[in-house]
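Peer 1: Chains A and B, in that order, give the protein sequences. By the count of my numbering, the first sequence reaches residue 163 at its end, each step adding exactly one. By the count of my numbering, the second sequence reaches residue 163 at its end, each step adding exactly one.
One or more hints might be untrue.
DEER-style ranges, computed between Cβ atoms [what the hints assert, rightly or not]:
1. A:Asn157 <-> B:Asn54: 36 to 44 Å
2. B:Arg144 <-> A:Ala7: 50 to 58 Å
3. B:Leu39 <-> A:Ala7: 24 to 32 Å
In silico lysine-lysine, DSBU-like type, Cα no more than 35 Å apart, as pairs [claimed, not checked]:
4. B:Lys155 <-> A:Lys155
5. B:Lys155 <-> A:Lys107
6. A:Lys14 <-> A:Lys97
7. B:Lys130 <-> A:Lys14
8. A:Lys107 <-> B:Lys107
9. A:Lys154 <-> B:Lys155
10. B:Lys107 <-> A:Lys120
11. A:Lys120 <-> B:Lys155
12. A:Lys130 <-> B:Lys155
13. B:Lys154 <-> A:Lys120
14. B:Lys130 <-> A:Lys155
15. A:Lys120 <-> B:Lys102
16. A:Lys154 <-> B:Lys89
A few chain B residues that don't get close to chain A, going by computed Cβ distances all over 10 Å [stated by the list, open to error]:
17. Glu27
18. Ile37
19. Pro69
20. Glu72
21. Thr74
22. Lys97
23. Trp98
24. Lys120
25. Gly132
26. Val139
27. Asp141
28. Arg144
29. Lys155
For the record, the hints were derived by calculation from the structure and aren't laboratory data. For clarity, every value in this text was computed on a predicted model and none was experimentally measured. Quick reminder that beta carbons are idealized off the backbone N, C-alpha and C, glycines included.
Number of protein chains: 2
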Amino acid sequence: MVRPLRASDREEVKRILEAADLFTPPEIACALEQVDIFLHQPQQPDYRLMVVENGQGKIAGFMSYGPTPLTEGTYDLYWIVVSLSEQRKGYGQLLVKWLEEKVQEEKGRLILIETSSQPKYLGTRLFYEKMGYHEVARVRDFYRPGDDRVIYAKKLNKERGRK
Amino acid sequence: MVRPLRASDREEVKRILEAADLFTPPEIACALEQVDIFLHQPQQPDYRLMVVENGQGKIAGFMSYGPTPLTEGTYDLYWIVVSLSEQRKGYGQLLVKWLEEKVQEEKGRLILIETSSQPKYLGTRLFYEKMGYHEVARVRDFYRPGDDRVIYAKKLNKERGRK
């Protein structure tokens, strides 16, 4: 159900981003830039794109992540978006759990997620907290005055990696 | 004395990075990647490379900076390195002051610098503090266990921008 993104998924991912009513045009361009790097530069290690399909084989959501450059064992979850019509069905959780398993397989130890302090991201932040991520740092006024960069983190349990 | 980096400076910048005895090979590759993006993709807006020359026209140091993607008025100082033989002569200060003037010209309001908590960067961190930058956030164990990502920031004084 979670699989790598393919070139034929790009339009649907773009539609999901635009329909979310959450992202600015430069933010959508940034997410699609990661999609295009993943599709057209297969050797690059930085961006990995995964989609989750619903029972009908339609894309319910997608995620981009990658090893954080210049770190040992730290990963960034850059984007995670679930289609409006597929929300509250557990697809976001599926993606995050898939990521955590994958990072543990690769001996990663820390996953970071950055988001904005804007009220419109409250649901997003509560989702991260439900998944066990905690705010570890905040840069005030990062995006614009009054809009902070909030960094969430989860340390992976090494015991689970040994199962 | 502070001028944009040219293709003919690349070897000297590489030498300065290697001689600093501070950076790992992947870090040096990352800095040179920014140099190459700046030299070969003149339209890209993300990385700007400047050098400072000494009285003999030799490169004393260099810096890369750029507007932080998806922010309004925030800039990142990515790399600033002064040649070992030219340290403690004020070249680092010249570069930072040039950057602050430039960011104010462009109506920027916040400059961020990220560094490591490792003891070998103590001199670097004291330099940032001397220049008026303060630690605003820290991600513990970011680079590796025990090696934190420390984020320094300076808010620019809007009054000065009006002179």
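Peer 1: Give a verdict on every hint.
Peer 2: Hint check results:
1. A:Asn157 <-> B:Asn54: 36 to 44 Å: 53 Å, violated
2. B:Arg144 <-> A:Ala7: 50 to 58 Å: 36 Å, violated
3. B:Leu39 <-> A:Ala7: 24 to 32 Å: 31 Å, holds
4. B:Lys155 <-> A:Lys155: 32 Å, holds
5. B:Lys155 <-> A:Lys107: It is violated: about 38 Å lies between the C-alpha atoms, which goes past 35 Å.
6. A:Lys14 <-> A:Lys97: 23 Å, holds
7. B:Lys130 <-> A:Lys14: Violated, at about 46 Å.
8. A:Lys107 <-> B:Lys107: Measuring from Cα to Cα gives roughly 43 Å; hence the hint is violated.
9. A:Lys154 <-> B:Lys155: 30 Å, holds
10. B:Lys107 <-> A:Lys120: With Cα atoms ~27 Å apart, B:Lys107 and A:Lys120 stay inside 35 Å; holds.
11. A:Lys120 <-> B:Lys155: Since the Cα atoms of A:Lys120 and B:Lys155 sit roughly 26 Å apart, the hinted pair holds (cutoff 35 Å).
12. A:Lys130 <-> B:Lys155: 34 Å, holds
13. B:Lys154 <-> A:Lys120: With Cα atoms ~27 Å apart, B:Lys154 and A:Lys120 stay inside 35 Å; holds.
14. B:Lys130 <-> A:Lys155: The hint holds at about 34 Å.
15. A:Lys120 <-> B:Lys102: 33 Å, holds
16. A:Lys154 <-> B:Lys89: Answer violated: A:Lys154 to B:Lys89 is near 43 Å, above 35 Å.
17. Glu27: 6 Å, violated
18. Ile37: Holds, since 14 Å exceeds 10 Å.
19. Pro69: Violated, because the least Cβ-Cβ distance between B:Pro69 and chain A comes to about 6 Å, which does not exceed 10 Å.
20. Glu72: Violated, since 4 Å does not exceed 10 Å.
21. Thr74: Incorrect as stated: the minimum Cβ-Cβ distance to chain A is 6 Å, not above 10 Å.
22. Lys97: About 22 Å separates B:Lys97 from the closest Cβ of chain A, which puts it past 10 Å; holds.
23. Trp98: B:Trp98 is indeed farther than 10 Å from all Cβ atoms of chain A, at 23 Å.
24. Lys120: For B:Lys120, whose nearest Cβ neighbour in chain A is about 15 Å away, the distance exceeds 10 Å, so it holds.
25. Gly132: 16 Å, holds
26. Val139: Not fine: 5 Å to the nearest Cβ puts B:Val139 too close to chain A.
27. Asp141: 6 Å, violated
28. Arg144: 4 Å, violated
29. Lys155: It is violated; B:Lys155 is separated from chain A by about 8 Å at its closest Cβ, not greater than 10 Å.
In this structure, the hints that do not hold are numbers 1, 2, 5, 7, 8, 16, 17, 19, 20, 21, 26, 27, 28, 29, in rising order.
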